[in-house]
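Asker: Here the protein sequences come in this chain order: A and B.
According to the numbering used here, the stretch in the first sequence is residues 1 to 250, in order.
According to the numbering used here, the stretch in the second sequence is residues 1 to 352, in order.
These are calculated hints, taken from the structure and not from any lab test.
Errors might be hidden in some of the hints.
[Claimed, not checked] Label pairs and their computed distance ranges (CB to CB):
| hint | chain 1 | residue 1 | chain 2 | residue 2 | range |
| --- | --- | --- | --- | --- | --- |
| 1 | B | C321 | A | P148 | 49 to 59 Å |
| 2 | A | L201 | B | Q54 | 23 to 33 Å |
| 3 | A | T130 | B | C238 | 39 to 49 Å |
| 4 | B | G330 | A | I140 | 27 to 37 Å |
| 5 | A | C21 | B | G218 | 19 to 29 Å |
| 6 | A | L201 | B | C238 | 28 to 38 Å |
| 7 | B | G112 | A | T145 | 27 to 37 Å |
| 8 | B | E206 | A | E2 | 29 to 39 Å |
| 9 | B | D115 | A | L104 | 24 to 34 Å |
| 10 | A | G131 | B | E39 | 11 to 21 Å |
| 11 | B | D115 | A | L17 | 20 to 30 Å |
Ideal Cβ positions, reconstructed from N, Cα and C, are used throughout, including at glycine.
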Amino acid sequence: MEEVLAYKSPLLLDDRLSHYCPGCHHGTVHKLVAGCLEELGVGDNTVCVGSIGCSVFIYNYLTLDTVEAPHGRAPAVATGVKRSRPDKFVFTYQGDGDLASIGLAEIMHAANRGERISVVFVNNTVYGMTGGQMAPTTMIGQKTTTCPGGRCADREGLPMKMAEIIAGLGGVRYSARVAVNNIKNLKKARKVLKKAFEIQLAGKGFGFVEFLASCPTNWRMTSLAANERVEKEMIPYFPLGVFKDEQGDS
Amino acid sequence: MLMSRIFIKGNVAIARGALDAGCRCYFGYPITPQNDIPEFMSKAMPEAGGEFVQAESEVAAANMLLGAAACGIRAMTSSSSPGMSLKQEALSYMAGSELPGVVVNMNRGGPGLGDIGPSQGDYFQSVKGGGHGDYRLLVLAPGTVQEAYDLTILAFELAFAYRNPVLILGDAIIGQMQEPITPQKPVAVDPFEGGSWRLEGAGQREPRVIKSLHLTDGALAGHNLKLQEKYQRAGKECRHEEFLTQDAELIVVAYGSIGRIVKSTIRKLRKEGVRVGLIRPITLFPFPSRVLFDLADQGKKFLTIEHNMGQMVEDVRLAICGKAESRFYGQLPGNLPTPNDFEQPIIDAVRS
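Chain B extracted, bound-state conformation (with noise of 0.2 Å):
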């Protein structure tokens, strides 16, 4: 049976997705352009039976994700830019510990308190780690609203397949834009998901632990090994939108908002008979390098548009190895880019 449409924005996408995915509790501290996500999650957590707790502070919202996680529970907290470095501490934490929980970022402009507008300038700190230690989040970029909602429900399965936090990244523009999306039904969560690690009191068995201190001789070695066998596997979890490649000659790579943008810019060239196509990653960890080595591998030509000064473009350029060229072009923050923005640049790199 079909769901029938619903008009929503952004991040309230997001909330309902987190809530028709069986998270029961969320833990969150306001802050612009991502209220929406709290505000809605006060209503919905005690009517579905669950929780909501407006913690004192980020920090202390990521911890309590960090114990609700230690139980086993679909739990989740929201930010954004300067409230995701408060949170660190604990995803360092949770990511050493092996414990699943949704956190979402809803990117403004920095460094510092920056300003409330769209930006991409956490995508180093979303996909390098972020946090203290050798670890990775599993990192989603959506680009429509109906995307947002969709990988609300997918970072919940993620979290638990591999247990390890999963990052929403979106921005002020997936945000605060309304558009119309298709639900799903709501998930029918295993009440026994995480029943061999989760804490719920020993009884009869042997107690679990659950900690990131390994201070025998190799110990940490062979957890951080784990670890990296576990990101390693995460691969299979890579995915990209793919739109007009095969005769491009020039590959725009962008994500979330800035993707969507430079969609439109590509369909409009297109009919002026630029030959231009767009990778738009999904996934930033795992990033879709094999794609993008594929297409360079072609004697493509390769532009990155980020709305930050050049931080996804490391990985491209990490990617395709030298074989093509590279450009990049950002788009400054505190501006709200339009699809004739990308035009010059996109143009200027065909010509190249």
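Excised from the complex, chain A in its bound form (with noise of 0.2 Å):
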């Protein structure tokens, strides 16, 4: 009986064991945006450039070019590198505590500015590589080593809804909210991700696409309870969905 091959891996990841935890959704994210640029054919033509926190390892699964930026400055980072090499294709990888906290000024600004950058962040609603603290994007009641009572609105203020956030600014034409929870979401995820590396190709400016993903390990919880509590606690509050989608020239 002829072989079917039913599944391949795209060739920009790399063949090795994962670091992750059991039902992290970070191998997920990289699967996508590996799979998005082989698609449109960039691979060979990218500069990564890598965050802090669980994911700074991302150089050792996707085979790209790949500068690490200290914590939160990737937008800054990776402005550097379109503005010196226009001819590449720069993406940044960022979590909820490098992109909504310490580098909020950084995404805000490159964002404005339009670079011509594609920015994937993955929201996890908590810091995971540093032990499960409080990010800006913790749910309410969600409880932290740092808001063990569950965060509270009055203290800590709200979790950030950064894909909204960063619609409203000037410079982006693209951005939107997926989720990689579910067979469903993963395939409309993978459309998304690549409309925004589509609009970077195209030259137009800033693309913007927020990953709601799931930490088990710092949420105390199994892989399927995780993905459980992406469909019921977090799409509600976060509601997935493209914000801005601008073609025209800008």
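Got two chains here, separate frames each, mind docking them using the hints?
Answerer: See the structure below:
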């Protein structure tokens, strides 16, 4: 009987054991990024800007030229890369602590300037690598090691909705939120990410995709329960969708 | 062919030097007293086919430099003291990632917001690291506007030769004064500069990763040792000006604008028969320790004069290894010193 290849891993994804915890969505998002770059045929011409936190090892998984940025500064580093090499495809890969907390100024201004870069933002509502502390995206009532009684709006403010905030800035051509907690969402996420990348390839401006992702370890949950939490708790507060899609010339 | 002389401010000389050195990306944030640099670059970079970005902060500007450096582009940022503190994070990462870049600090008075007048209070921050971790910047300290121009061109050469950030440390005097200079023929930058390590998309080769994280056993130790060996190698870039030291009883050590003012004092005192000479370090790291050691060995006395309360004097004392008498005279910030201000301290040191 003839063998049919039902699934092939993207070539840009290095074949190695993952360091991510079981059920973590970083690996899934890595795979989507690799797949989209490959489909668009730009992997050879890409500079990836890594950041801090669990995803700092992105260069171990994606076989791309990569530079590591200080905590939160990836959009500034990417600005330097893209301004010096406008012919390159440039994207940042950032978590919620990195992008929505310490790097808030850098992301807002890079977006507002309309830097021709793409931003992959992974929001799992917690600081993962440092051991589960509160993030700007931590949900109301969510317990973390630095809000052990649960996040309280009066004390810590409301979780920040980055995809909507970014969509409000002038230089942004595309801003969307997706999730990868089930196959249906994952397929949508792939389309959205590809679109964001195409915006850069067309030289139009800044593209931003927020991924709702799980962190079973720091949420103290099983992988399946974590997927359910994304659906039942996160999506109602962080709605999926495209908040800005401007294809016109900037 | 000799280029015709031009009359420009120190800040502009640095910006012009960067342009002539092939700098094509400038990232900065306004702060007094160095605003002539971003103002010059905002016009010069686009005209030269490069990029100028007024960043949202000093932090962002330094990280933009990091990104451009990772692509092997000649790039620069500039600032003054409070802004330099903000840039230190990126400088530490650039040193750790072995990235070339030029950074200018037109030193003003501190700590904190301080004032906007000249000072040398950032010596420690400049030559001892500044950011976190075990690293050094190469530090060049111009004493004239011509030197500000020439050292900026040298800074780009050194940054790429050593794959390390190079700091130009001036102050509000050097930055704001105007002098005639002779510019050089613009450098023809090698388009393959950084070709062995720069990021440009992996193409068919193995991907390159520029990073400062070293977690596996012994990896960071090995990396830091490699950096230290590089700093040792950079010792051969040591530069200084030596003025009337041969028959001097007293050697004044002073750098930058203070070195230049002291030189005027020495000229005057020499006419009065005071046997005093000057060592003006031009590279603050690497520091001209050997020269000072040899002069100490000849039995000369030392007086370090700085526009701070005593920073470089520590390096002078390390250099002379207790072989000679060492004094210090500190000029307080908020003042523009004149040659007269240094007469008495020098006479006192000679007679001590």
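Asker: Are the hints correct? Go through all of them and say.
Answerer: How the hints compare with the structure:
no.: 1; hint: B/C321 <-> A/P148: 49 to 59 Å; in the structure: holds (56 Å)
no.: 2; hint: A/L201 <-> B/Q54: 23 to 33 Å; in the structure: holds (27 Å)
no.: 3; hint: A/T130 <-> B/C238: 39 to 49 Å; in the structure: holds (42 Å)
no.: 4; hint: B/G330 <-> A/I140: 27 to 37 Å; in the structure: violated (56 Å)
no.: 5; hint: A/C21 <-> B/G218: 19 to 29 Å; in the structure: holds (26 Å)
no.: 6; hint: A/L201 <-> B/C238: 28 to 38 Å; in the structure: violated (49 Å)
no.: 7; hint: B/G112 <-> A/T145: 27 to 37 Å; in the structure: holds (34 Å)
no.: 8; hint: B/E206 <-> A/E2: 29 to 39 Å; in the structure: holds (35 Å)
no.: 9; hint: B/D115 <-> A/L104: 24 to 34 Å; in the structure: holds (31 Å)
no.: 10; hint: A/G131 <-> B/E39: 11 to 21 Å; in the structure: violated (46 Å)
no.: 11; hint: B/D115 <-> A/L17: 20 to 30 Å; in the structure: violated (57 Å)
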